[in-house]
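Chains as they are written, first to last, in this note's numbering: chain A, 1 to 174; chain B, 1 to 555.
These are computed hints drawn from the structure, not numbers from a lab. We treat Cβ as the ideally placed atom computed from N, Cα and C, and that holds for glycine. There could be a bad hint or two in this list.
Reference excerpt, derived from the structure (chain B facing chain A, CB under 7 Å, subset only) [as the list claims (entries may be wrong)]: (1) 119; (2) 122; (3) 126; (4) 172; (5) 179; (6) 180; (7) 303; (8) 304.
Derived Cβ-Cβ restraints for the label pairs, each shown as a range [said to hold, decoys possible]: (9) A:18 with B:173: 24 to 30 Å; (10) A:31 with B:350: 45 to 51 Å; (11) A:31 with B:270: 36 to 42 Å.
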Amino acid sequence: MMRHTLAVLVENNPGVLARVAGLFSRRGFNIDSLAVGRTENPAVSRMTIVVEGDARVLEQVTKQLHKLVDVIKISDVTAEEYVDRELVLIKVSVDPAHRGEVMQIADIFRARIVDLGRRTLTLECTGNDGKINAFEESLRPYGIKELVRTGKIAMLRGARFTGLQDNGTKEEVQ
Amino acid sequence: MEITAAEALVKCLEKEQVEVVFGYPGGAILPVYDALYHSSIRHVLVRHEQGAAHAADGYARATGRVGVCLATSGPGATNLITGIANAYMDSVPLVLITGQVPTSQVGTDAFQEVDITGITMPITKHNYLVKDASQLPRIVKNAFHIASTGRPGPVLIDLPKDVAQTVIKFQYPETVQLRGYKPTYRGHRNQIAEAARLIARAERPVIYAGGGILNSNASEELLALAETINAPVTNTFMGLSSFPGDHPLFLGMLGLHGTRAANLAVTNCDLLIALGARFDDRVTGNIAQFAPQAGVIHVDIDPAEIGKNVPVHVPIVGDVKLVLQDLLARLEKRIDNRWLEQVEAWKRQYPLSCGPDNGKLKPQYVVQKLHEITGGEAMVATDVGQHQMWVAQYYRFKRPGSLISSGGLGAMGFGLPAAMGAQIGQPDRLVVLVVGDGGFQMTMQELATIVEQELPIKIIILNNFVLGMVRQLQQVYCEGRYMAVEFKFHPDFETLARAYGIRSYTLRTKEEVDKYLPEALSAPGTVLVNCLVSAEENVNPMVPAGKSISEAIDC
Ligand SMILES: Cc1ncc(C[n+]2csc(CCOP(=O)(O)OP(=O)(O)O)c2C)c(N)n1
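Chain A on its own, in the form it takes in the complex (with noise of 0.2 Å):
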């Protein structure tokens, strides 16, 4: 089992994250994680979801997707030089003589520090997959209250782009 990432382009339109999830939860398929926003174009949204399985399930995957007509593009960008990033929440309990050790921690992970309470910190941590797994299992030992992650965004590296051609049409990257 492998887990792909695919950016997929889809019309700004009212429903169509309800059509995608539909899809997703009718026909099996497994999201590990979806993220979705507008893009450059506003009439443009993007979803980054993350599907796990073999290569007949993600071929699959990107036909089925392809039928919505809401779906414009599709691109597996899991074998290409990409950035992803995901951003996470999290809110530890610390007592006073443990804050220092968290705000040490924080920092090796160059996360921020955005709210303190008496007997919390809320911090946030961008970054892949594995090293908010890693921040996450470092701050697990002092309390972790509360969590909540993005899920994954990416984005190709250099010139290359998964974004809009200019003919519209709907292909992948090879």
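Once you have looked at the hints, place chain B with the ligand on chain A.
Below, chain B with the ligand alone, put in the same frame as chain A:
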């Protein structure tokens, strides 16, 4: 031109050259009906919205045009659902327009509000909730385009009442702009060349042709392919009538209730040429043992069907007619009689059989007789059940697009309203409905519509007082524990016919069928033929669940 969106909708339908809509009015769709008042479009008032959807479906199948339906919000819309799902499964182009509660009430559980775009997401090719009245003409244009191109399917437009009443500047768009929707029509050259190479090398090719042949009008090309390479042809249920039923290369239907010859040919072939078919489970049986020795060429307009159920050696995405034209240009006449002789031997060895005479009228006989009388030229609609399979087996179709039946969904109740739509689309053809006594009673209220519209449909009920297909399943899989399949009461169908002013016949024996069926089929107007047939018949052969299609049994 400044008109209301409802009036614009009707104008759009006129621009799309819609000649008939099937519908049922109500509060939320009132503005649209008001706009129809001044239009020349024919409106067929059904007796239940399910009938409207199935009728539009039958009309679309019989004509190749888009079927159009109107219904009101809430219950009107939900009554369409079986019809929409049916059209989706069988790739039938429909545009369904539903009224919706006013925009300000959407999402409030208002009277007769239902989220029909949400409900129909998985059973439509696309759907729209119209929020901006000025967008309506574009939406209608897109809807017709999406429904009728690529792999056809149903498209629903949900129109809130206040939006319908909004005045807009009307202009019908000339073109569609859908950057997310661009079907591929031309097959890839290299793939077609590769297919030609495989065909030239094959020793035991079989053509497996589905409903895509009918959707793309490719019957001529299919015939040319078969005759050029001398390959036997089997049809899926949806593909029936795309190849002449009396052609020497025809094997009949394959799969669950397919002929043994077809199933053996597929199991033993070294090249399977799949054309507009989707390797459905009713076709493949145990998929691991389906065409185990074969290389597979798969042509389909829907890329998602290719490689979905079986691995494919030469995938070709495109319109099957165009692909076959390109392929034919690369093929040479192929004559290898050994394979055909083998296939012929199977055909001779395993003809269809309906068992020994039990002194009762056999339903299979009625279908055979129907075929004989009409010479395979009739348009035959069916419902779902044993009778449907007997039509598939015993009616040898001569003309493409002549079988109107619910394949993928297998929806009982489809037959009568679909026959109605088919007859409206083909007023000059003989339309015969073959229906079970169960399915007939699911939508028989449409008899009123049929009489009202003066449709000369010939209805043949194969009346066995039982839900035959389920009875057969219970015999095979439940050791004969017959549960909830027998009817202890039927209305007297002759009296029923009289209530509708329909001529009727009740036939009990072969002799009566011989004597009266020709007369019934040529009588003017709607005719109901109630055939009291043997209840013990099974559809044979039958591939038991989980078995290879080469392991069919007779039960
Ligand atoms: C709407 C619907 N409900 C249930 C079924 C399951 N089903 C399939 S065939 C069948 C029996 C049909 O009986 P009848 O209409 O009398 O036709 P026969 O099989 O006897 O020819 C049933 C209940 C179905 N296909 N569709």
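- Message: If I claimed the Cβ atoms of residue 31 of chain A and residue 350 of chain B lie 45 to 51 Å apart, would that claim hold in this structure?
- Response: 48 Å, holds
- Hint validity - residue 119 of chain B Cβ closer than 7 Å to any chain A Cβ: 11 Å, violated
- Taking the beta carbons of residue 18 of chain A and residue 173 of chain B, is their distance inside 24 to 30 Å? Holds, at about 26 Å.
- Query: Can we keep the residue 180 of chain B interface hint, with Cβ of chain A closer than 7 Å?
  - Reply: Result: holds, 5 Å to nearest chain A Cβ.
- Restraint outcome when residue 172 of chain B is required to lie within 7 Å of chain A by C-beta distance: 20 Å, violated
- Task: Under 7 Å, Cβ to Cβ, is where residue 304 of chain B needs to be relative to chain A, so tell me if that hint holds or is violated.
- Result: With Cβ-Cβ at 4 Å, under 7 Å, it holds.
- Query: Between residue 31 of chain A and residue 270 of chain B, does the beta-carbon spacing fit 36 to 42 Å?
  - Reply: 41 Å, holds
- Holds or violated: is the Cβ of residue 122 of chain B closer than 7 Å to a Cβ in chain A? 6 Å, holds
- Grab the minimum C-beta distance from residue 126 of chain B to chain A and call the hint holds if it beats 7 Å, violated otherwise. 4 Å, holds
- Evaluation of the interface hint that places residue 179 of chain B against chain A, nearest CB under 7 Å: Holds. Min distance 4 Å.
- Hint status (Cβ of residue 303 of chain B to nearest Cβ of chain A, threshold 7 Å): Status holds, d = 5 Å.
Checked against the numbered hints above, the structure violates hints 1, 4; every other hint is satisfied.
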